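Undergrad: This is what each chain is made of:
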Amino acid sequence: MTTALNRVAMMVVTLFGVTVVVFVLLRVAPGDPVAMMIGPGASAADILALRVRYGLDGSLLTQFIIWLKALLGGDFGTSISFHRNALALIAERLPATLELAVVALGVALLLGFTLAVAGTLAQRRIGEVAVDSLTGLMLAVPDFVWALALVLLFGVALPLFPLSGRIDPSLGGTFRTPFYLLESLVTGQAAAARDVAAHLVMPVLALALPLSAIVARVLKGALAEAMVQDYVLLARVKGMSEWRLVTREALRNAVGPTLALTGVQFTFLLGGTVIVERIFAYPGLGNMAIEAVINRDLPLVQGIVLVFGALFIVTNLLVDLAIAALNPRLRHG
Amino acid sequence: MADANLAVPRPVGRPAAHPGPRRWPALLRDPKLMFGGGFILFLVLLAIFAPVVAPHDPLEQDLMAATLPPWGFAEADPAHLLGTDDLGRDVLSRLIFGTRVALTVAAVAALVAATAGTLLGLLAGYFGGWVDAAVSRLVEIWMAFPAVLLSILIVAVLGSGLTSVIVAIAVIDWTRFARVIRADTMAQAQADYVTAARTLGFGRWTILFREILPNVMPGLIALLALEMGIAVVVEAILSFVGLSVSSDTPTWGGMIASGRQIIYQAWWVFAAPLAAVFLTVLAFNQVGDGLRRLLDPVLRR
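Chains A and B supply the protein sequences, listed in that same order.
The first sequence begins at 1 in UniProt numbering and counts up one residue at a time.
The second sequence begins at 1 in UniProt numbering and counts up one residue at a time.
Just so you know, these hints were derived from the structure itself, not from any lab.
Just so you know, not all the hints are guaranteed correct.
[To be verified] From chain A, some residues computed to sit far from chain B (all C-beta separations above 12 Å): (1) 58; (2) 102; (3) 183; (4) 198; (5) 227; (6) 233; (7) 256; (8) 321.
[Unchecked claim] Covered, in the sense of this in silico footprint (three residues per stretch, anywhere, with C-beta under 8 Å from a C-beta of chain B), are these stretches of chain A: (9) 259-271; (10) 293-301.
All figures in this text were calculated on a predicted structure; none of them were measured in a lab.
Cβ atoms here follow ideal geometry from the backbone N, Cα and C, with glycine treated the same way.
With the hints as constraints, model all of the structure from the sequences given.
TA: Here it is, written out as structure tokens:
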């Protein structure tokens, strides 16, 4: 229990550090933040009013405190390019990114487990070499490069899937929730589900390939360790087939450490959505973030960076707590 | 971006491998090092001799010869082996000149990131206590940012250009080195040779830089090779977003971005630099893997 509280306290410290970094980064940005916020054509009185409101006439420390107070009150400011509340914009885009990331995580786990089991069953044969080379390649090449390679492969050479967007515009207006895939599956709209899934194939694969390689490597290592344990030997002596040995006996003990590592790696996948969404013009948070940086939309940039930071930190915390809860040896650590 | 550099605890208490002459045969026998190292050497030569090797001026436009396909396709011009882009510029020549930016960024950014990260990792791992707590907290804060978004933000703040790109990569990726070197240093600090050095009356800084640093070097060098590959990709990402060096300098990322616009009319403008990035990342990765195997006596066995 104290460990859990400790972790939560650390999380608050980290989150505070993130806000400090964001503040410093955006304050050293060239240009007057007020001029950026208010746009051209504002009167001198308006500018002065904003200056006082954001404490920009005070010291950097006062500015920071005022800024932090606004953040804690949920006031992320108004987007310069959209002229709307930054937090509301983020809330609109976040579900698309979450849907992409979670589907990619599922695919990565499925692919990684399949590869690890296949590699273990094919031990010391050509199949194992093939699996090892494949995971090596998937791991060496990052998501950005995979995404572009997929564009070339499935967008141009073999045009199987749509190159950009989240859904065909003719199907777009019928959703009540921002979770298109989930909603179309739950309500049984087959055409919409198929279209959303087709749009997801390439970005999901780009994100999932490197992670699935990590999953496969770690799980394969854990399986190799489990396969020489006495209980596996006993089961083998009793005449259990290799397939059952791996999937029933060894896998049960190898899954824990693999899932723990996957949780940590999931934050890297979340970070990867930024550029992958850009490449596929996917209307998520990452794509909006790049747009916001290019447009110098500081309130929106800072909001998105903070939301990503909070997402990462909370994910890591949940993973840590889950590992501690599942592993009795760490419970009192 | 998935992180391939998982900090694996390494065995303790052995001296650094001696890269004496006996190692050379091993170096040449390792296919990973042969392929990776050979390819990178090839790129370095291309970058140095770009003006001699490139068949055309990479900036020379010829709208009459725009979007010519690569050699072997109908309507191809043998003078343009990899075809031309929408402005009639020679793709192969641009690709060759692009190696300059890619390799400069790879070398400089990786070295800066490695220096900063290693220094902090050594200090945290050896001194522990509040130094370790401070460095670890800093790493944790840094890891809470999406790397790509942070790099784009830094370049946007500093203004585009080669220096900004290098700064952005170094500012973000020092954590990779700090994490691994910290863990390695912690392990080495427990080793007998460190106790011996302390008994002999060596100072703390002498022990840290003369005894421990050489022993964490193998991991560091392998990591450096991997980081160079990452730097090439980050440069390509920044060019892709339109934030890297000016548009008159040919870069692979810039070529990919402009090729993406005309992918249906001239796929080769997109495919050629993409293949270059793909192979370069793979080559740096193979070198990193190969070096780790070569320099680590435990893995070699």
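Undergrad: Need the list of violated hint numbers for this structure, in ascending order.
TA: Result: no hint breaks.
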